[in-house]
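Protein chains: 2
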Amino acid sequence: MIAIDWGTSSLRGYRLAADGRVLEQRRSDQGIGACQGRFAATLAALIDGWPGDVALCGMIGSRNGWIELPYAPCPADADALAAAMQPLHDPALPGRTLWFVPGVASGAEAVPDVMRGEETQLIGLLDTLAQEPQGAGRHSVCLPGTHSKWVDLEHGRIAALATMMTGELYALLRQHSLLARLMDADDAQFDGAGFDAGLQRSGAPGGLLHHLFGVRSLGLFERLSAAAAPSYLSGLLIGHELRARLPLAPSVHLIGGSGLLDRYAHALRALGSQVRSHPEDLAAHGLYRLAQRRGGIGH
Amino acid sequence: MIAIDWGTSSLRGYRLAADGRVLEQRRSDQGIGACQGRFAATLAALIDGWPGDVALCGMIGSRNGWIELPYAPCPADADALAAAMQPLHDPALPGRTLWFVPGVASGAEAVPDVMRGEETQLIGLLDTLAQEPQGAGRHSVCLPGTHSKWVDLEHGRIAALATMMTGELYALLRQHSLLARLMDADDAQFDGAGFDAGLQRSGAPGGLLHHLFGVRSLGLFERLSAAAAPSYLSGLLIGHELRARLPLAPSVHLIGGSGLLDRYAHALRALGSQVRSHPEDLAAHGLYRLAQRRGGIGH
Numbered sequence: 002m003i004a005i006d007w008g009t010s011s012l013r014g015y016r017l018a019a020d021g022r023v024l025e026q027r028r029s030d031q032g033i034g035a036c037q038g039r040f041a042a043t044l045a046a047l048i049d050g051w052p053g054d055v056a057l058c059g060m061i062g063s064r065n066g067w068i069e070l071p072y073a074p075c076p077a078d079a080d081a082l083a084a085a086m087q088p089l090h091d092p093a094l095p096g097r098t099l100w101f102v103p104g105v106a107s108g109a110e111a112v113p114d115v116m117r118g119e120e121t122q123l124i125g126l127l128d129t130l131a132q133e134p135q136g137a138g139r140h141s142v143c144l145p146g147t148h149s150k151w152v153d154l155e156h157g158r159i160a161a162l163a164t165m166m167t168g169e170l171y172a173l174l175r176q177h178s179l180l181a182r183l184m185d186a187d188d189a190q191f192d193g194a195g196f197d198a199g200l201q202r203s204g205a206p207g208g209l210l211h212h213l214f215g216v217r218s219l220g221l222f223e224r225l226s227a228a229a230a231p232s233y234l235s236g237l238l239i240g241h242e243l244r245a246r247l248p249l250a251p252s253v254h255l256i257g258g259s260g261l262l263d264r265y266a267h268a269l270r271a272l273g274s275q276v277r278s279h280p281e282d283l284a285a286h287g288l289y290r291l292a293q294r295r296g297g298i299g300h
Numbered sequence: 002m003i004a005i006d007w008g009t010s011s012l013r014g015y016r017l018a019a020d021g022r023v024l025e026q027r028r029s030d031q032g033i034g035a036c037q038g039r040f041a042a043t044l045a046a047l048i049d050g051w052p053g054d055v056a057l058c059g060m061i062g063s064r065n066g067w068i069e070l071p072y073a074p075c076p077a078d079a080d081a082l083a084a085a086m087q088p089l090h091d092p093a094l095p096g097r098t099l100w101f102v103p104g105v106a107s108g109a110e111a112v113p114d115v116m117r118g119e120e121t122q123l124i125g126l127l128d129t130l131a132q133e134p135q136g137a138g139r140h141s142v143c144l145p146g147t148h149s150k151w152v153d154l155e156h157g158r159i160a161a162l163a164t165m166m167t168g169e170l171y172a173l174l175r176q177h178s179l180l181a182r183l184m185d186a187d188d189a190q191f192d193g194a195g196f197d198a199g200l201q202r203s204g205a206p207g208g209l210l211h212h213l214f215g216v217r218s219l220g221l222f223e224r225l226s227a228a229a230a231p232s233y234l235s236g237l238l239i240g241h242e243l244r245a246r247l248p249l250a251p252s253v254h255l256i257g258g259s260g261l262l263d264r265y266a267h268a269l270r271a272l273g274s275q276v277r278s279h280p281e282d283l284a285a286h287g288l289y290r291l292a293q294r295r296g297g298i299g300h
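Keeping their order, the protein sequence lines are chains A and B.
Counting from 1 along the first sequence, just add 1 to a position and that's the residue number in my numbering.
Counting from 1 along the second sequence, just add 1 to a position and that's the residue number in my numbering.
Heads up, a few of these hints could be off.
Unchecked claim - One-sided and incomplete, this derived list gives chain B residues near chain A with beta-carbon spacing under 7 Å: (1) Ala163; (2) Thr167; (3) Gly208; (4) Leu213.
Unchecked claim - Cβ-Cβ distance ranges computed for the label pairs, FRET-style: (5) Ser226(A) <-> Gly108(B): 11 to 21 Å; (6) Arg64(A) <-> Asp185(B): 13 to 23 Å; (7) Pro71(B) <-> Ala205(A): 44 to 54 Å; (8) Gln275(A) <-> Pro280(B): 23 to 33 Å; (9) Arg277(A) <-> Pro206(B): 19 to 29 Å; (10) Ala205(A) <-> Arg27(B): 38 to 48 Å; (11) Asp185(B) <-> Ala19(A): 30 to 40 Å; (12) Pro95(B) <-> Ala186(A): 40 to 50 Å; (13) Gly108(A) <-> Arg27(B): 24 to 34 Å; (14) Leu89(B) <-> Asn65(A): 55 to 65 Å; (15) Asp185(B) <-> Pro74(A): 56 to 66 Å.
Calculated from the structure, these hints are not laboratory results.
All figures in this text were calculated on a predicted structure; none of them were measured in a lab.
For every residue, glycine included, the Cβ atom is placed at its ideal position computed from N, Cα and C.
Put together the whole structure using the sequences plus the hints.
Okay, structure coming up:
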């Protein structure tokens, strides 16, 4: 079968063996934002030459995607998500069935929260953990990103989730704010001391709205360089994200593939939590498991 | 004499009587951002026909202004600010002395904070309060804006200050974020219920980075309309600003002139604090007092 993780800004395909092993991978920048109205042609090109049915997760199953699936409610496990998968046939992909995985919503609270795509990575993680002695218990998971997701896993189920707009706020402040001109344009130069100073500052009284102004005032008094300021801002925002989750779980699972994961791992350890890191292609693993549960998804 | 409050985006002039009464006012959109390199001509045009020396406060005394004055340190009182005023003569303004008021910095903390212009409004407020029985005691002051200032007054002095980037963050999220497209473009339509819902949400666990995502998730489930979303966001951000100041002083002085003041007054009362509102032209009052203390500023 074929596993597809199709988000807003990227598209990833995996050709899987009958036992779930990844045989081949293909990536594209054709996220759903880039290929509106030509999803079938984009997918057909990506999986050209790969046989079998296709299981898809991510924003491709949203209002702005190919078809919109309602969110599955928390708590959600593999059986519930597999049962909610929806099939589609498209003339551009003859002989194949496409199976879309729903996102997950936590709706019990006053304010709902949602994810699409991460739930499939979590199913992959749950399957990994199930092989371990304590695996069926409680786990705290963080998926860093533009919108970071924090998820509680309990007894093999996705029990609760919370989204943090950390990455988006960083980008907004970096590009459009009055702070932007106080920071070097080059984001690639990570400054460890600056990051740690921001992380430490996030624990001071005054709140995030106040701490942000420190990027300006520290710069005014030449106590923060334009080169270190982006890392300071990053440490400040990630610090606020983590401290909003206090007390942190003794161990936090991180899922991701970017350099961002290193920053989160460092910050979590600095705040006293242990870290286990997992690769993003847990999505392929999760899609395989969901297809197994669903049954009838052909190879 | 003439009092000038010259900020980044606006310029306000007051012709004062010998006893400090405002005889005439003039306003212009020629903030320092709009008239770089022609400050003298801009001022000469504004005060054309008004006699006397000129006292100026605001960003005109900053690195991007006419001359840069160092910040006066906290605690700062009228005597300290008057002593630090700097004179300037300019051929475009013959026969007049221009007197620039310094900004104020709090430097004792790990991270400094600064203001330019607000200190003069505060001197005006201190002068008003000195007429009252309890006026010489402790006061909490908030000046809402793009960058809100919170100031502690103690025994006739500016004792401490903290800046909150609330207004700027609102504008960034309103214009550039993924939330922007979920909100009606019209900012003028204030929605009281939406504002109160955001204000209430700001007191829930999870932190600001998480609460912001609620604008999206509530919208997804049609529990927040595009018309009410801007007010919800406003209430959320102002709520976080106020809660970072908890426990709020039993009474908070608000200084300002915009509709924003009403939102802050409403939010402060909802969180149990009393409010006293003061007009922005306290700056004219403060400049008059500083000129008196300084002496030798001619009419």
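Tested hints:
no.: 1; hint: Ala163; in the structure: 5 Å, holds
no.: 2; hint: Thr167; in the structure: 5 Å, holds
no.: 3; hint: Gly208; in the structure: 3 Å, holds
no.: 4; hint: Leu213; in the structure: 5 Å, holds
no.: 5; hint: Ser226(A) <-> Gly108(B): 11 to 21 Å; in the structure: 19 Å, holds
no.: 6; hint: Arg64(A) <-> Asp185(B): 13 to 23 Å; in the structure: 18 Å, holds
no.: 7; hint: Pro71(B) <-> Ala205(A): 44 to 54 Å; in the structure: 25 Å, violated
no.: 8; hint: Gln275(A) <-> Pro280(B): 23 to 33 Å; in the structure: 56 Å, violated
no.: 9; hint: Arg277(A) <-> Pro206(B): 19 to 29 Å; in the structure: 25 Å, holds
no.: 10; hint: Ala205(A) <-> Arg27(B): 38 to 48 Å; in the structure: 43 Å, holds
no.: 11; hint: Asp185(B) <-> Ala19(A): 30 to 40 Å; in the structure: 52 Å, violated
no.: 12; hint: Pro95(B) <-> Ala186(A): 40 to 50 Å; in the structure: 45 Å, holds
no.: 13; hint: Gly108(A) <-> Arg27(B): 24 to 34 Å; in the structure: 56 Å, violated
no.: 14; hint: Leu89(B) <-> Asn65(A): 55 to 65 Å; in the structure: 58 Å, holds
no.: 15; hint: Asp185(B) <-> Pro74(A): 56 to 66 Å; in the structure: 30 Å, violated
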